[in-house]
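2 protein chains.
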Amino acid sequence: MTLKPWKFISTKLLNKFRIFNVRSDIRVSPRTGHEHDLFVIECPDWCNVIAITPDQKIVMVEQYRPGSDTVELEIPGGMIDAEDSSPVAAGVRELREETGYEGRDARLLGEIFPNPAIMNNTCYTIIVEDCRCIHTVEWDTGEDLSTRLVPVADIPLLVAENKIGHSLVAVALYYFELWQRGLKPTPKPNA
Amino acid sequence: MTLKPWKFISTKLLNKFRIFNVRSDIRVSPRTGHEHDLFVIECPDWCNVIAITPDQKIVMVEQYRPGSDTVELEIPGGMIDAEDSSPVAAGVRELREETGYEGRDARLLGEIFPNPAIMNNTCYTIIVEDCRCIHTVEWDTGEDLSTRLVPVADIPLLVAENKIGHSLVAVALYYFELWQRGLKPTPKPNA
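Protein sequence lines correspond, in order, to chains P and B. So in the numbering used here, spot 86 of the first sequence is number 108, and the numbers just go up one at a time. So in the numbering used here, spot 64 of the second sequence is number 86, and the numbers just go up one at a time.
If you're looking for bench data, these hints aren't it; they were derived computationally from the structure. Keep in mind that this is a model prediction, so the values were computed, not measured. Don't take every hint at face value.
Stated by the list, open to error - Which stretches of chain B does chain P cover? Using the computed rule of at least three CB atoms under 8 Å from a CB of chain P, they are:
| hint | region |
| --- | --- |
| 1 | 41 to 49 |
| 2 | 79 to 86 |
| 3 | 92 to 100 |
Every residue gets a Cβ at the ideal spot worked out from N, C-alpha and C, and that includes glycine.
Construct the entire structure; sequences and hints are all you get.
Written as structure tokens, this is what we have:
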């Protein structure tokens, strides 16, 4: 059996909430033939960045997260803006703005849907090597960050012990681990 | 520097959308002293399930996802209902309803925030061993699933090649991989 996307009937924008919209799509289930009213959270695409220093540390950021009301250990990242020429360019920008770090050979490591059940966007993971702190940070008014350099070797245990609280950060770290093992080739920079 | 949660001022429910609500929280940034209006998507907690068969396959499900408008290869899972006595019980129920499989030694493998920036909920990953198909599936009206048995050894390459599209599924598979390597102990069943 091969499953097919559900037939689209109509869509309606319900609300705008500055960083996301909520719409309702009417689609037909191929199994039952019935129409379903499906809520979709429309978000811009996101990016996050695995930034590696010359001494094999990952540039991480601690930040307060209002959804969970907790401080989380994450990697730099954010929304891909209309001004960003690509997901890679957005990742390089977010890394610089949030931490002041810049490196070489920035390229795409992976991409995933944050939640394909109810959200329409993609999160791109960028990898940047040989990163050094050479800029002043430029935080948004709502940002309050603390940079942490975490040895690459410590990452698996941090994830295993549930010290990584953001699912998209855990996914990026998994992509990084697969890349270290040679399973995940990345395109050449500027390819 | 240690970051602290932001001081809570007030909250307001903005909209209900059946499977999630949107609220607005007013909080004060400790860095700037300014009030911020923060949107939070309130969701019930979710669960997903790593179900392993005696011949070392993982019970996966293909399903249509309306957010991305794609068919995704995932693991069983869903919302934790008020009737579920625990995340583990919810996982066992979802596994049975979606695939007909049941196993032994169901226990918690990990937990993570799907998106602590804008969502308030937790996703729990349950592991169940020695799984066999012994029930008839019980799909919700909106469900249309196809069970796939995937060899455990194939998982890393599936993730590396971006064949796993749902971030919470990739996180669960990362927890499973760490558990296989002995890094992620799970509590005893019924502990």
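Going through the hints against the structure:
With 5 residues having a Cβ less than 8 Å from any Cβ of chain P, the region 41 to 49 of chain B passes the three-residue criterion, so the hint holds. Counting residues of the region 79 to 86 of chain B whose beta carbon lies closer than 8 Å to any beta carbon of chain P gives 3, which meets the minimum of three for the stated coverage. With 3 residues carrying a beta carbon less than 8 Å from a beta carbon of chain P, the region 92 to 100 of chain B meets the three-residue requirement, and the given coverage holds.
Violated hints are absent here; each numbered hint is respected by the structure.
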